[in-house]
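Peer 1: For the record, the sequence lines run as chains Z and S. Letter 59 of the first sequence, counting from 1, is numbered 236 in the working numbering, and no numbers are missing. Letter 24 of the second sequence, counting from 1, is numbered 328 in the working numbering, and no numbers are missing.
Misleading hints may appear alongside valid ones.
Stretches of chain S that chain Z covers, calculated by requiring three or more beta carbons in the stretch to come under 8 Å of a beta carbon on chain Z [to be verified]: (1) 372-386; (2) 409-416.
Computed, partial: chain S to chain Z, Cβ under 8 Å [unchecked claim]: (3) Y335; (4) D360; (5) P365; (6) N369; (7) F394; (8) G399; (9) G402.
Pair ranges (Cβ atoms, derived) [stated by the list, open to error]: (10) S/L383 to Z/N218: 26 to 32 Å; (11) Z/K245 to S/F314: 37 to 43 Å; (12) Z/S191 to S/P365: 42 to 48 Å; (13) S/T406 to Z/T249: 31 to 37 Å; (14) Z/E241 to S/D360: 50 to 56 Å; (15) S/L383 to Z/S229: 36 to 42 Å; (16) S/S384 to Z/T249: 20 to 26 Å; (17) S/T406 to Z/H259: 31 to 37 Å; (18) Z/S229 to S/T416: 38 to 44 Å; (19) Z/I237 to S/D360: 30 to 36 Å; (20) Z/I237 to S/P343: 21 to 27 Å.
Hints in this document: simulated from the structure, not taken from any laboratory. Backbone N, C-alpha and C define an ideal beta-carbon position, used for all residues, glycine too.
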Amino acid sequence: AQSVTQLGSHVSVSEGALVLLRCNYSSSVPPYLFWYVQYPNQGLQLLLKYTSAATLVKGINGFEAEFKKSETSFHLTKPSAHMSDAAEYFCAVRASYDKVIFGPGTSLSVIP
Amino acid sequence: NAGVTQTPKFQVLKTGQSMTLQCAQDMNHEYMSWYRQDPGMGLRLIHYSVGAGITDQGEVPNGYNVSRSTTEDFPLRLLSAAPSQTSVYFCASSGSGGPGNTIYFGEGSWLTVV
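Construct the entire structure; sequences and hints are all you get.
Peer 2: So this is what it looks like as structure tokens:
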């Protein structure tokens, strides 16, 4: 069975500081992993995805994530937070075509 | 290219009423799904479909019904609305190339059951 955990339901960072959002997954087969962002009252938008081509994945808006099989992790990072990064972030795992499992989400606040 | 379109965006229902949330995509995607989003619980899969005529249950299917008569449309029916179904509902789709395909989401439908 697949599952996703996101450590920290709410993360606050200062503008210009490093953003680190944690995601750990459980999957019995090599997974495909996704990070999505959700701005208030909007749908989810893909930030980046891991599809086994490279362990370090670069996405939109300066975000990147590293797949670490030994740690079953796929943490999301950004070197310098902007005010516009304030949003809800979701990690998702898809080990089979028919089911996608999302984590509970992490709300990111950016303090000026 | 409209992507995934959901209607209505907002709806208030009385307990016991039925309604249908509409979802359409114009990307010729085989895979479509419905999620509900509740605070602190992320997105939970209600029903999904891997092609026209094929549907299956997700994590929280009770109280919901779906059908897939065409590739483009995947409506979600609430049979007898309950306050516990107050939520934000998202429709999503992805192509048939495999599990690495990007999943595209609609803008969401806010449903309140009173």
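Peer 1: Three residues minimum, CB to CB under 8 Å: does the region 409-416 of chain S make the cut for coverage by chain Z? Let me know.
Peer 2: holds (count 4)
Peer 1: Assuming the hint says 31 to 37 Å, is it satisfied by the Cβ distance from S/T406 to Z/H259 or not?
Peer 2: About 24 Å separates the Cβ atoms of S/T406 and Z/H259, which means 31 to 37 Å is violated.
Peer 1: Count the residues of the region 372-386 of chain S whose Cβ falls closer than 8 Å to any Cβ of chain Z, and tell me whether that reaches three.
Peer 2: violated (count 0)
Peer 1: Checking hints one by one. Is S/F394 an interface residue toward chain Z, by the C-beta closer than 8 Å rule?
Peer 2: 6 Å, holds
Peer 1: Given a hint of 42 to 48 Å, does the C-beta separation of Z/S191 and S/P365 actually sit inside it?
Peer 2: 43 Å, holds
Peer 1: Using the C-beta atoms of Z/S229 and S/T416, is the stated range 38 to 44 Å upheld?
Peer 2: 42 Å, holds
Peer 1: Close enough to count: is the Cβ of S/D360 nearer than 8 Å to one in chain Z?
Peer 2: S/D360 check passes; min Cβ-Cβ to chain Z is 7 Å, inside 8 Å.
Peer 1: Is 37 to 43 Å respected by the C-beta to C-beta distance linking Z/K245 and S/F314?
Peer 2: Since Z/K245 and S/F314 have Cβ atoms about 42 Å apart, the given range 37 to 43 Å holds.
Peer 1: Let me know if the C-beta of S/G399 comes in closer than 8 Å to any C-beta of chain Z, holds or violated.
Peer 2: 10 Å, violated
Peer 1: Does the hinted range 21 to 27 Å hold for Z/I237 and S/P343 at CB?
Peer 2: Roughly 26 Å apart at Cβ, these two residues keep to the hinted range, so it holds.
Peer 1: Can S/G402 be said to touch chain Z, with a Cβ gap under 8 Å?
Peer 2: It holds, given that the least Cβ distance between S/G402 and chain Z is near 6 Å, below 8 Å.
Peer 1: Given the hint of 31 to 37 Å, check if S/T406 and Z/T249 actually sit that far apart at their C-beta atoms.
Peer 2: 22 Å, violated
Checked against the numbered hints above, the structure violates hints 1, 5, 6, 8, 13, 14, 16, 17; every other hint is satisfied.
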